[in-house]
Amino acid sequence: MAAAGALLALVLIVQPWLELPRRVRVLVRTAPLELARRRLGGSGTAFDREYFVFLESARRRLPAGTLGVGLYGTPGTEPYTYLAGYVFAPRPVHLAPEALPEGWVGALYGAARPPGVRILQDWGAGALAVENR
Amino acid sequence: MSVFLLSIARVAAVAAVASAFGWAASRAACPPGREFRAERAAWAWAIAAALISGLVPASFLAGIEPGWPGLFALGVLAVAVGWWFRVPEPSRPSSTAGAGGTGLAVACGAVVALGIALYLVRALTEPMWSNDYVAIWGLKGKTIHAAGALPRHLFTDPAMAYSHPEYPLGLPFFYAGVAFLTGRWDDHAMALVFPIFQVATLLGLFGWLRRRGASRAVAGLAAATLACFEPLYSAFLTGMAEVPLSLGLLLFGSSLSDAIEEDPGALRRLAFASGLITATKNEGLFFAAAGCLLALAFGGARRWRCALAALPTALVVQAAHVLWRGRVPLRDFDFSSFSVGRLGEALAAAARLPGAVGWTQLALIGVLVAAGARAPESRWMLGLCACGMAAYLLLPVFAIRGPEWLVRAALPRTTAGLAPLAAAAVGARYARR
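The listed protein sequences correspond, in order, to chains S and F. For the first sequence, the numbering used here puts the final residue at 137, and the numbers step up evenly by one. For the second sequence, the numbering used here puts the final residue at 448, and the numbers step up evenly by one.
So here's chain F without its partners, still in its complex pose:
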């Protein structure tokens, strides 16, 4: 046990140091004060992940090996930026609701702790193993770490096409960064970062709902339900991009809502989250564009500011990828293959997936959405969820291996990644403003 525990301790130390830098740097994104504390912790981890990930390409560009000196340099720079551009205290009064429902809140806290413990056990049972981890995310991370570079064959060798050269490099760089900082490639201990992503997501959700006026009981219920949502926090998804993306999407959605409401620092948060989701997964760029269009269509007086914050960083991240690896087409899709029959096939396959329990859960979410107040914050989240669902349902129509194959292979996990957004959307409808 001691060797494994030592490896876990190394990964935890990397996460702790990077998060400390992230916490200090988050002053540029979150206003000071109690109201933001939980969310700020979520942002601290998001910034930490970006620092660990960014360390690798930055070191390669500087011609040095990624390591602690590089992390400290990046961290100090981030802290300086955070101090220099710190967000001022909000001028309007806090909308955080009173304590209310303390007993239920305590029970929800216990369920949240249970959900985190369950995911810890699931994530750490064995080295990360799922198909896409081995074939895509882990393969690239391990290659980058072992080669000490970004080998061209990852993008040019047809025999490696299964690793999806067109996918963004944020997660592989993150894995490589952790490995450089711990001094070894340990794909078992590295799984620890996934429960950390879960905890950051739960803090982000709870903090945002509380700040938006939800009682502790409502925010606690949302967090408890999400913490125990096994389709997202599963052993299978550990190592894949859905869990990090789900945190990014929550931060993006909450920032979009905040930006429309003119919250201090929200435009910066929106721009940062936009880059984060684009660096994590292909559809990150889609969500950034969807957020931009939603802001333009329904953002009122703030529409242009929000739209301009939502998309450009995503485009910069995308451009950096194209510059580094060249233009790589999407591998699994043929966009000339649309037909009504294929659409029907995809929808029918999707309808068969959830089963009785899944449909009951979806119906309960529908009841909660319908019964709640029409909060504007909720609408932004629901809009993003709807855009995501539409894209995830439509994409299989273009799958080269057939709609049913992609629906079965991808839809359960991609839609599970929308769970934090959905939890925020539902919870916001029960906030007292």
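Bound-form chain S, shown alone:
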């Protein structure tokens, strides 16, 4: 029984108690916000919050019937790829494809606008484009 008590005590002691007040504050402060804003302030976008703003802006501007998204101008590391795939779901996302298939839209992160594309929407921090066919 002593060992069981010690184990329980140890499990209780190593709880991340210090983060608890912060979690409660975050929950209370962000709960009234829309879902995307809650994600924007969360852990999953901490690696680059501007990037999530870009993804969400692009998602909301995607033309109806978009079949997939080609992503340009991102570092291409795992967190960037995973978050893009999640935000644009159910559409498949390809990283910097050489050519965009019919029905796909390019999402350009940053200010660069490559030649040979037709810009559909441009909001400074990003743009949506399709290939000139």
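No wet-lab data here; the hints were simulated from the structure. No residue lacks a Cβ here, since even glycine has one placed at the ideal position from N, Cα and C. Check each hint, because a few of them may be wrong.
Unchecked claim - Just the calculated beta-carbon pair ranges, DEER-fashion:
hint : chain 1 : residue 1 : chain 2 : residue 2 : range
1    : F       : Trp339    : S       : Ala100    : 28 to 34 Å
2    : S       : Pro105    : F       : Gly163    : 18 to 24 Å
3    : F       : Asn297    : S       : Pro79     : 28 to 34 Å
4    : S       : Leu71     : F       : Arg317    : 53 to 59 Å
5    : S       : Leu24     : F       : Gly82     : 37 to 43 Å
6    : F       : Ala406    : S       : Ala13     : 27 to 33 Å
7    : S       : Glu102    : F       : Gly82     : 38 to 44 Å
8    : F       : Leu308    : S       : Leu37     : 47 to 53 Å
9    : F       : Leu330    : S       : Ala68     : 41 to 47 Å
10   : F       : Ala406    : S       : Ala100    : 36 to 42 Å
11   : F       : Pro344    : S       : Pro105    : 23 to 29 Å
12   : S       : Leu37     : F       : Ala27     : 19 to 25 Å
13   : F       : Ala35     : S       : Phe51     : 37 to 43 Å
14   : S       : Leu71     : F       : Ala77     : 24 to 30 Å
Got chain S; can you put chain F on it based on the hints?
Here is chain F on its own, set in the frame of chain S:
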């Protein structure tokens, strides 16, 4: 707050309705009576999760959109099966121990409540965010919900290979099911299901230990320790498959033990849990096979019945996946890469992981196992834990990105998923038979 609370209320309503069906259907798995009540609640949620998850592929096959009519149809069918095949009252006397240690039991109850409250806060602080949630489980669930189908690109597009097409679809279907039933994809409110999985696991653990003769104090201590076990009930694991799998493994282990002991309904419970764990995570099939082999090796007169209950449903679930998505190889492993050096690297990396606190906890668990009685129920749980630990330690040897990478990335969370089984194994050694 009101929008978020409304979303939470929607998810809670889905969970409540599905659990009500699950409770009625669990008559086919659990005998009636007080002795089974806590465990039956755990089974009710497991069946509820299976109903929500199964609703999605069943609706797709029927050519209808998943929704409340489909859930009601499935639920009524499950209730009918539960009534038709209800398990009779056990003929042998109850082995539930007396109240004993009431003060300690009350204190443990308070700690359990604290553990649940802590996990509620951790799980609901923000939308589900961990790497594997975003890249695998949530991505597939969101895709299935938004597409209203199971798009082929999830399995055939090389650019989506990071989402592990070879993983089972139980959890993505479950997420999609909740989203269809609530009418929206809300990956924040949906996190509520994780504390519900925790509560079901604690009920399953407490109920099984009590039924196996543990005092309230012993069962309470086991439940309290598990409730506050942060490596499993963490913000990071919320959204991933470990918490649902840990409930499935507990139900599978307890059913295996019950089946060997000839408890009424145990073979059905074993078969159901076997399918559940296989639909949840890749290693579910491994655990089903391990349980089958353990039963064959040590199951005595009941060995064939138990072995036959432990594996076939898992194989059926696996076959359904292969039929639906085709055969997809494991992505992160090269099984020709074994070497003693890599094994040493994996074990050394694993030994560095727990740190002083972790090793102290493991040593205390070792003391508890050594000091307890050699209960047969405990041996089944420990056997499954040992099989799981061996597999989790050995797999990194074959990791394409190197043993140390997989040990660091996966071992803490995969082994944390064994905690409910370990708690049951330890608690059973202190049961008075």
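Evaluation of the provided hints:
no., hint, result
1, F:Trp339 to S:Ala100: 28 to 34 Å, "31 Å, holds"
2, S:Pro105 to F:Gly163: 18 to 24 Å, "22 Å, holds"
3, F:Asn297 to S:Pro79: 28 to 34 Å, "30 Å, holds"
4, S:Leu71 to F:Arg317: 53 to 59 Å, "55 Å, holds"
5, S:Leu24 to F:Gly82: 37 to 43 Å, "38 Å, holds"
6, F:Ala406 to S:Ala13: 27 to 33 Å, "31 Å, holds"
7, S:Glu102 to F:Gly82: 38 to 44 Å, "41 Å, holds"
8, F:Leu308 to S:Leu37: 47 to 53 Å, "51 Å, holds"
9, F:Leu330 to S:Ala68: 41 to 47 Å, "43 Å, holds"
10, F:Ala406 to S:Ala100: 36 to 42 Å, "38 Å, holds"
11, F:Pro344 to S:Pro105: 23 to 29 Å, "26 Å, holds"
12, S:Leu37 to F:Ala27: 19 to 25 Å, "21 Å, holds"
13, F:Ala35 to S:Phe51: 37 to 43 Å, "42 Å, holds"
14, S:Leu71 to F:Ala77: 24 to 30 Å, "26 Å, holds"
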